[in-house]
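Chains as they are written, first to last, in my numbering: chain G, 1 to 190; chain W, 1 to 190; chain Z, 1 to 190; chain F, 1 to 190.
Bear in mind the hints are in silico, worked out from the structure with no lab data behind them.
Warning: the hint list may mix true and false statements.
Identical chains blur together in the list; that is why a pair holds if it fits in one copy or across any two.
With a cut-off of at most 27 Å between alpha-carbon atoms, the simulated DSSO-like pairs for lysine-lysine come out as follows [what the hints assert, rightly or not]:
hint: 1; residue 1: 62; residue 2: 51
hint: 2; residue 1: 85; residue 2: 10
hint: 3; residue 1: 10; residue 2: 51
hint: 4; residue 1: 43; residue 2: 53
hint: 5; residue 1: 53; residue 2: 79
hint: 6; residue 1: 43; residue 2: 10
hint: 7; residue 1: 62; residue 2: 43
hint: 8; residue 1: 79; residue 2: 10
hint: 9; residue 1: 10; residue 2: 98
hint: 10; residue 1: 43; residue 2: 79
hint: 11; residue 1: 53; residue 2: 85
hint: 12; residue 1: 51; residue 2: 85
hint: 13; residue 1: 98; residue 2: 79
hint: 14; residue 1: 98; residue 2: 85
hint: 15; residue 1: 51; residue 2: 98
hint: 16; residue 1: 62; residue 2: 10
Here are the chains, one letter per residue:
Protein chains: 4
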Amino acid sequence: MPAVTTKGTKRAEILRVASRLFYEQGYHRTGIQQIIDEADTAKGTFYTCFKSKEDLGVAWLKARHQTWNGWLQQALAGKRTTRTKILGTFEFLGNWMKDCDYRGCAFLNTLGETPQADSPLRLEIAEHKSELHDLFRHFVADHCPDRSEAEREHIATTLFLLFEGTLVQMQNFRAHWPLQSALRQVERLL
Amino acid sequence: MPAVTTKGTKRAEILRVASRLFYEQGYHRTGIQQIIDEADTAKGTFYTCFKSKEDLGVAWLKARHQTWNGWLQQALAGKRTTRTKILGTFEFLGNWMKDCDYRGCAFLNTLGETPQADSPLRLEIAEHKSELHDLFRHFVADHCPDRSEAEREHIATTLFLLFEGTLVQMQNFRAHWPLQSALRQVERLL
Amino acid sequence: MPAVTTKGTKRAEILRVASRLFYEQGYHRTGIQQIIDEADTAKGTFYTCFKSKEDLGVAWLKARHQTWNGWLQQALAGKRTTRTKILGTFEFLGNWMKDCDYRGCAFLNTLGETPQADSPLRLEIAEHKSELHDLFRHFVADHCPDRSEAEREHIATTLFLLFEGTLVQMQNFRAHWPLQSALRQVERLL
Amino acid sequence: MPAVTTKGTKRAEILRVASRLFYEQGYHRTGIQQIIDEADTAKGTFYTCFKSKEDLGVAWLKARHQTWNGWLQQALAGKRTTRTKILGTFEFLGNWMKDCDYRGCAFLNTLGETPQADSPLRLEIAEHKSELHDLFRHFVADHCPDRSEAEREHIATTLFLLFEGTLVQMQNFRAHWPLQSALRQVERLL
DNA sequence: AATGAATGAGCCTTCATTCAT
DNA sequence: CATGAATGAAGGCTCATTCAT
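Take these sequences, add in the hints, and give me the full structure.
Here's what the structure looks like:
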């Protein structure tokens, strides 16, 4: 009875292949043809699974959001204090960048490719980064509950911006030195 | 007798048009056809002026580097102290982002579009950001010459990463709130 | 209800048109645009039917092999003896060259256009000529079974080379005099 | 006083480069741009030296005719008897084909590329082959002056056709076996 | 004699999408 | 649910030639 497990198999396979290609080659540089070729599917099947390429792009970013957050949670699993969690977030950044061969953030890369601010892709990008911002807010709220609301917001945002700057410059220079400065600064902030 | 001023006019016009389009639409989304149409030139002329699209891309980034640096210098022209220069750099960021309708940094956008680390475009991107990093180093050296070399390097890098994170998230959210946190943090760092 | 007969119609039509153009104008001088124009098809359709122009070129030569062999077989249909079959092969050459207005051999012409020895086109050319060589071997084996293996191979190859030389010089001079000498020599060889 | 030796230097260099490229890549596959690039000349210079690409093509074939004939004469220099001269012609074929890596005859290759019978290139091709035919006529006239005019013409033409067939099939198969059969047959003819 | 910018048609190929089966 | 033929605009690039300098 493979019916259940087969259900949506094609869609899943297309998404799986597209996720890899979108990330490695960029969204616009990846064509539907290559996706269906590597997913061993037909053109028509693609358009029964996804309304359009953009639809697939949105699905990719949604899935990527889950995946990436999963990686981060896993990296933070053993961390007890909020201090180590925050530092762990930056340490995770270092490990991840090495693993992805400094390809960088799928969301920021797609942001660069997508000037149209009203694109559905842009919405996913903004939501993903918003949630990351929230994560830092959450950490900071736990770490220094006695500070003022405004001060906590300021620290969370600073951590977020530092994270993003580090991320993008590690990708740019394919190097770890941005992370070292960031980590030192994070320690000072806490 | 337009002879003298006409020299190189076509190349300059192509570069002018391409710079606008590459920035507004992205490098890969902009085709040679559109460029030559808007530059009122023939296909062949394009390829007598530029070896390839990538060659034009490099010329664009080189010119953009000069242009953007010029804007920044102009914005810092009236600043006396290094403290106001550093703060002025971030204030410039705010004005520029508003002016460009939050299209963001040509270099970071192109980084997102260009996974191949050995691309000539990537070289230009790295050099541009390297120079910006150097600018912060220069400011910090002037501002706190009594601190240790390592400490100054740390502060310069932190400012650089904060600048980059702010830049990219202002673009992402099309908002100024990242800048406010960044400015506050910069003041603390100085 | 043209459903059944329509299946594969576009591919066949493209091949039909391309075969004519490749032969009349040469492989490299014939562009995809002209082919699809005359086949009344869209650009994309071409590439769903054929992987590349070279792929079409190979299909052309494969089909041409069948067609040309068919013409030859038809010309030899009434011939009883192997002697008349061999002579008939050269007589066919004369009739064919007149019919094609001395355009010559599609395979030899493509050989001239294709310096790369490892091209798929070259493989088809070699196979076609190999088979023609084999045909002469077959004829000779039937005609003089009492001669030595080496002698028969020699005669078959001589006939083959004579055929090829005649073919190419009839094309070159657009004349029949090479054939007359060839025929006389063939008679002496048998 | 380099004036004299410099005279026509550009033209000679273009012809030298074009000869190599036309032969190695084919006439149509070789563009003017590549020629002038490798000849280190400007577009305009090309068109002051040659009326058109076809004009250069004709110059190439004319020069090639001289060059190739020179090679052949050199190969036959030591041959005393007409018999050895004729055999030597075929032996030369073997050495030449090896030297040119089986690229074959510039004239036959260009014939394959040039369907238009009235092309100036075709004239050069025909003349070159006509002269080769004449050479065989000359040899045969010397070798068997007692035979009838018609018989001598027949033998000369047979040698010519055999030579051409051998040439083209050595190129096709990139092998020497056609030459062996040809040589054996030539010996029988003499 | 030599230069190289300018031309525009043409090169082969890929694009995202539709639709009849 | 899956197929793959069909579309036609667009992709980056080369073509042979002209002409003002």
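Now the hints, each set against the structure:
In the homo-oligomer, the alpha carbons of residue 62 and residue 51 lie at most 27 Å apart inside one protomer (16 Å), although the nearest pairing across protomers, at 35 Å, exceeds that limit. Taking the shortest Cα distances, residue 85 and residue 10 never come within 27 Å of each other, neither inside one copy (38 Å) nor across copies (57 Å). Taking identical chains as interchangeable, the C-alpha atoms of residue 10 and residue 51 lie at most 27 Å apart whether they share a chain (14 Å) or sit on different chains (25 Å). For the homomeric pair residue 43 and residue 53, the shortest alpha-carbon distances inside one copy (12 Å) and between copies (21 Å) are both at most 27 Å.
For a Cα distance limit of 27 Å, the shortest separation of residue 53 from residue 79 qualifies neither inside one copy, at 39 Å, nor across copies, at 49 Å. Within a single copy, residue 43 and residue 10 get their C-alpha atoms as close as 12 Å, and across copies as close as 19 Å, so both meet the 27 Å cut-off. Proximity of residue 62 and residue 43 under a CA criterion of 27 Å is satisfied intra-copy only: 23 Å inside one chain copy versus 29 Å between copies. Neither within a single protomer nor between protomers do residue 79 and residue 10 lie at most 27 Å apart by alpha-carbon distance, with minima of 38 Å and 60 Å respectively.
For a Cα distance limit of 27 Å, the shortest separation of residue 10 from residue 98 qualifies neither inside one copy, at 31 Å, nor across copies, at 44 Å. Taking the shortest Cα distances, residue 43 and residue 79 never come within 27 Å of each other, neither inside one copy (46 Å) nor across copies (53 Å). With identical chains, the CA atoms of residue 53 and residue 85 are never at most 27 Å apart, being 37 Å at best within one copy and 46 Å at best between copies. In this homomeric assembly, residue 51 and residue 85 never come within 27 Å of each other (Cα to Cα): the closest approach is 40 Å inside a single copy and 51 Å across copies.
When the C-alpha separation of residue 98 and residue 79 is checked against a cutoff of 27 Å, the pair qualifies only within one copy, where the shortest distance is 21 Å, while the shortest distance between copies is 40 Å. Taking the closest pair of Cα atoms, residue 98 and residue 85 come within 27 Å of each other only inside a single copy of the chain (20 Å); across copies the shortest separation is 35 Å, beyond that limit. Neither within a single protomer nor between protomers do residue 51 and residue 98 lie at most 27 Å apart by alpha-carbon distance, with minima of 35 Å and 35 Å respectively. Taking the closest pair of Cα atoms, residue 62 and residue 10 come within 27 Å of each other only inside a single copy of the chain (18 Å); across copies the shortest separation is 37 Å, beyond that limit.
When held up to the earlier numbered hints, the structure conflicts with 2, 5, 8, 9, 10, 11, 12, 15 and fits the remainder.
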